[in-house]
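Please work from the sequences and hints to get the whole structure.
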Amino acid sequence: MRTLKLVVVAIIFLATGFSANAQLTGTQIIDKTYNRATGEDQTSTLKMTLTNKQGKQRIRTIKQFSKDFGDVEKSIMFFQSPADVKNTSFMNWSYDSDKSDDQWIYLPALKRVKRISSDSKSDYFMGSDFTYDDLGDRKLNADNHKLLREEIINGKACYVVESISKDEDYMYSKTITWIDKSNFVGVKKEFYDEVEELLKILTIKKVEEISGFYVITNSEMKNVQKNHKTTMILSGVKVNTGVSASKFSERIMTRGI
Amino acid sequence: MGNKLILLVVILFVSSFAKAQKLDVSGFARTYEGVTYENGDFTIIQQTLNLNFEKRGEKVAFKANPMVYLYNADSLNLNIREVYMDMYFKNFDLRVGKQQIVWGKADGVFITDIVSPLNLSEFLLPDFDEIRTGVIATKLDYYIGNSTIEAIWIPQFTPTIRPDANSIWYIQPEFPALTTFDWSQSEIKPSLENSEFFLKWSAMTSKVDFELMGGYTWDDNPTMHVQKQFGMDTTTMPPSPILTDLTITPEHHRLTVGGGSFSTEIKGVILRGEAAYYNGKYFQTEDPTAEDALIQKDYLNYVAGIDFNIGKVKLSTQFIQKYILDYNDMMPDNEFHNTATFMARYDMMRETLHLELFSYIGLSDQDALIRPKITYDFDDSFSILLGGNIFVGERDGQFGQYQDNSMIYTKIKYNF
Numbered sequence: 108m109r110t111l112k113l114v115v116v117a118i119i120f121l122a123t124g125f126s127a128n129a130q131l132t133g134t135q136i137i138d139k140t141y142n143r144a145t146g147e148d149q150t151s152t153l154k155m156t157l158t159n160k161q162g163k164q165r166i167r168t169i170k171q172f173s174k175d176f177g178d179v180e181k182s183i184m185f186f187q188s189p190a191d192v193k194n195t196s197f198m199n200w201s202y203d204s205d206k207s208d209d210q211w212i213y214l215p216a217l218k219r220v221k222r223i224s225s226d227s228k229s230d231y232f233m234g235s236d237f238t239y240d241d242l243g244d245r246k247l248n249a250d251n252h253k254l255l256r257e258e259i260i261n262g263k264a265c266y267v268v269e270s271i272s273k274d275e276d277y278m279y280s281k282t283i284t285w286i287d288k289s290n291f292v293g294v295k296k297e298f299y300d301e302v303e304e305l306l307k308i309l310t311i312k313k314v315e316e317i318s319g320f321y322v323i324t325n326s327e328m329k330n331v332q333k334n335h336k337t338t339m340i341l342s343g344v345k346v347n348t349g350v351s352a353s354k355f356s357e358r359i360m361t362r363g364i
Numbered sequence: 143m144g145n146k147l148i149l150l151v152v153i154l155f156v157s158s159f160a161k162a163q164k165l166d167v168s169g170f171a172r173t174y175e176g177v178t179y180e181n182g183d184f185t186i187i188q189q190t191l192n193l194n195f196e197k198r199g200e201k202v203a204f205k206a207n208p209m210v211y212l213y214n215a216d217s218l219n220l221n222i223r224e225v226y227m228d229m230y231f232k233n234f235d236l237r238v239g240k241q242q243i244v245w246g247k248a249d250g251v252f253i254t255d256i257v258s259p260l261n262l263s264e265f266l267l268p269d270f271d272e273i274r275t276g277v278i279a280t281k282l283d284y285y286i287g288n289s290t291i292e293a294i295w296i297p298q299f300t301p302t303i304r305p306d307a308n309s310i311w312y313i314q315p316e317f318p319a320l321t322t323f324d325w326s327q328s329e330i331k332p333s334l335e336n337s338e339f340f341l342k343w344s345a346m347t348s349k350v351d352f353e354l355m356g357g358y359t360w361d362d363n364p365t366m367h368v369q370k371q372f373g374m375d376t377t378t379m380p381p382s383p384i385l386t387d388l389t390i391t392p393e394h395h396r397l398t399v400g401g402g403s404f405s406t407e408i409k410g411v412i413l414r415g416e417a418a419y420y421n422g423k424y425f426q427t428e429d430p431t432a433e434d435a436l437i438q439k440d441y442l443n444y445v446a447g448i449d450f451n452i453g454k455v456k457l458s459t460q461f462i463q464k465y466i467l468d469y470n471d472m473m474p475d476n477e478f479h480n481t482a483t484f485m486a487r488y489d490m491m492r493e494t495l496h497l498e499l500f501s502y503i504g505l506s507d508q509d510a511l512i513r514p515k516i517t518y519d520f521d522d523s524f525s526i527l528l529g530g531n532i533f534v535g536e537r538d539g540q541f542g543q544y545q546d547n548s549m550i551y552t553k554i555k556y557n558f
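Chains H and D, in that order, are what the protein sequence lines are. Be aware that the first sequence starts at 108, since it is given in our numbering, and climbs by one per residue. Be aware that the second sequence starts at 143, since it is given in our numbering, and climbs by one per residue.
Keep in mind that the hints were calculated from the coordinates and are not lab data. Be a bit skeptical, because a hint or two may be false.
[Stated by the list, open to error] Rough simulated footprint, nothing fancy, chain D against chain H, three-plus residues with beta-carbon under 8 Å:
{"hint": "1", "stretch": "187 to 196"}
{"hint": "2", "stretch": "210 to 217"}
{"hint": "3", "stretch": "227 to 234"}
{"hint": "4", "stretch": "351 to 361"}
[Stated by the list, open to error] DSSO-like mimics (lysine-lysine), calculated; alpha carbons at most 30 Å apart, straight line:
{"hint": "5", "chain 1": "H", "residue 1": "K228", "chain 2": "D", "residue 2": "K349"}
{"hint": "6", "chain 1": "D", "residue 1": "K409", "chain 2": "H", "residue 2": "K273"}
{"hint": "7", "chain 1": "H", "residue 1": "K218", "chain 2": "H", "residue 2": "K193"}
{"hint": "8", "chain 1": "H", "residue 1": "K193", "chain 2": "D", "residue 2": "K553"}
[What the hints assert, rightly or not] Examples of chain D residues toward chain H, derived with CB under 10 Å:
{"hint": "9", "residue": "G246"}
{"hint": "10", "residue": "D283"}
{"hint": "11", "residue": "M346"}
{"hint": "12", "residue": "D522"}
For every residue, glycine included, the Cβ atom is placed at its ideal position computed from N, Cα and C.
So, in structure tokens, the structure goes:
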């Protein structure tokens, strides 16, 4: 009898597929992507290159730190170039709950840390092609997710998931994301504007395994309507080095690194 | 010529020193021209070189910020805005030297932000980062979790800088009789007894940021002690007393100030507030029995403001009120004095073109200063600004009095 039970269980398992991934819904895939292990803390230098349609480039360099405190993830950025924003710092506290992010900016000329609204997530970050929302942790339940298909892109087997915002006024009518089935790292993402025309394409150009975690170290966002693009290259990436909690404070924002 | 030579030597020496010590050097060069549209005069012709020399280590840091202004063709002015040393310890930091200290949450108004006095030689027109003057101080910041206790000792008092008598921002006061100024009491000698002390407790939390402050300070603006001398008017029958001479003695007095500020976010809107209670301020009075035509009163100064977005436009507005307690009808100042500010900003063309409008609105005086500007960034280091300073309203108001100084201006700036 015991043997029979085991056989029945085994048949059910086989019938539902060897891999748990085979049954994933669009929401589950995005959940795994958003909640992919990235380490307790991370340090890196970001080089952001903005290229306009004439090919002229503007470069921003940012030193950044982030740390996961469980229910809140804190990140801090120190702008190193260009000269007019040097020593400016920006801090974000992002919560697992529905609480909106807390954000502060320190402008060295004004010598004051100022709380700013996190409501403008559709604003472009430092004139780049990335909005704050594109860069941050978008909440899983902010969109309805649907698995469209599976396909191979750049030799990688991918899920293709469509996400439509529950907020009708959101700047994107939909996004379509290609996610590597093997590690749940994004490979490509298309952003569609309010009239469902393709607006931007995000291409992940390089993923590195650092201290056992997958880190996107080279990505490009291209605005196909206006023909300008932004590349983001991470260097000096360190994971789980024990970044101090005191790093995410007014003291360090004003003092710098 | 002598000053220019000294200045040149100082800059060359500091630059050589910076190179030898591998200091981090940054700053900007700027040309700034303004023309009043009433008469077409170039009232501002100013070239500026701002240099920042910094060296930062694990435990110590150093900063020097000389700023050189060339007014018109030949009037050179060197201003050491800041020169200080930092020492970093486990739970506290110490900064010693000339420094600018900014407190509070308000924009463009100074309620608890009273540690560094203002340079009003160009009224309120300089950028907010240039309108403060440095103070020679020792500042200690002690950190406990997310909160900071800041203690400041200023051994040498620095007053507000006022416009020169030949400046377009100087308003000639009108006196009813021959007036003599006695400046002998206007200086505060540096001493332990004459020191200023400030204390602040601040915290930055997920719900609210706040500051509580107190200060035992000097009034940055001198009190005008007025002594009247009377003669007899013999042309009337019977002869009557007549005011013949005034002696005005500017003198700084002690002030005790306590206050606080906060900022928080509610549904995407930033709420800000700031208030301070000033104890022992001297005001002018027309009471003939008052000694030196002065009366001492306490007053409350506060601001409430919000920052919000409509689409891509960033907006901010503030209401400011000054309230004199135990008011006396013989005081020329209003019991309540109300002002508002309004700011709108729109960034476009991938943040290379910036449109901004900032206004002070004198609700009590029925006047305003309206400041539109447009800035274009040619590249990351080079920008050009075209703006206007438009003074409107009653001529006896804080802003309306400068109606003839309404101007358009341009600033071209190179950052390095």
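Hints, verified against the model:
With 5 residues bearing a CB less than 8 Å from a CB of chain D, the stretch 187 to 196 of chain H meets the requirement of three and the coverage assertion stands. Only when three residues or more bring their CB closer than 8 Å to a CB of chain D does the claim for the stretch 210 to 217 of chain H stand; here the count is 3, and the claim holds. A count of 5 residues in the stretch 227 to 234 of chain H with a Cβ less than 8 Å from any Cβ of chain D is obtained; the coverage claim is therefore met, three being the minimum. Under a criterion of three residues with beta carbons nearer than 8 Å to beta carbons of chain D, the stated coverage of the stretch 351 to 361 of chain H is upheld, 4 such residues being counted.
Between the alpha carbons of K228 of chain H and K349 of chain D the distance comes to roughly 19 Å, so the proposed pair stays at or under 30 Å and holds. For the hint linking K409 of chain D to K273 of chain H, the alpha-carbon distance of about 18 Å falls within 30 Å, and the restraint holds. For the proposed pair K218 of chain H and K193 of chain H, the alpha carbon gap of about 13 Å is at most 30 Å, so the pair holds. The hinted pair formed by K193 of chain H and K553 of chain D meets the criterion: a straight-line CA distance of about 20 Å does not exceed 30 Å.
With a cut of 10 Å, the hint placing G246 of chain D at the interface with chain H holds, because the nearest CB-to-CB distance is about 8 Å. Contact between D283 of chain D and chain H, as hinted, is supported at the beta carbon level, the nearest pair being about 7 Å apart and thus within 10 Å. With a least beta-carbon distance of about 5 Å to chain H, the hint placing M346 of chain D at the interface is held under the 10 Å criterion. A distance limit of 10 Å between C-beta atoms decides the matter here; for D522 of chain D the minimum to chain H is near 3 Å, and the interface restraint holds.
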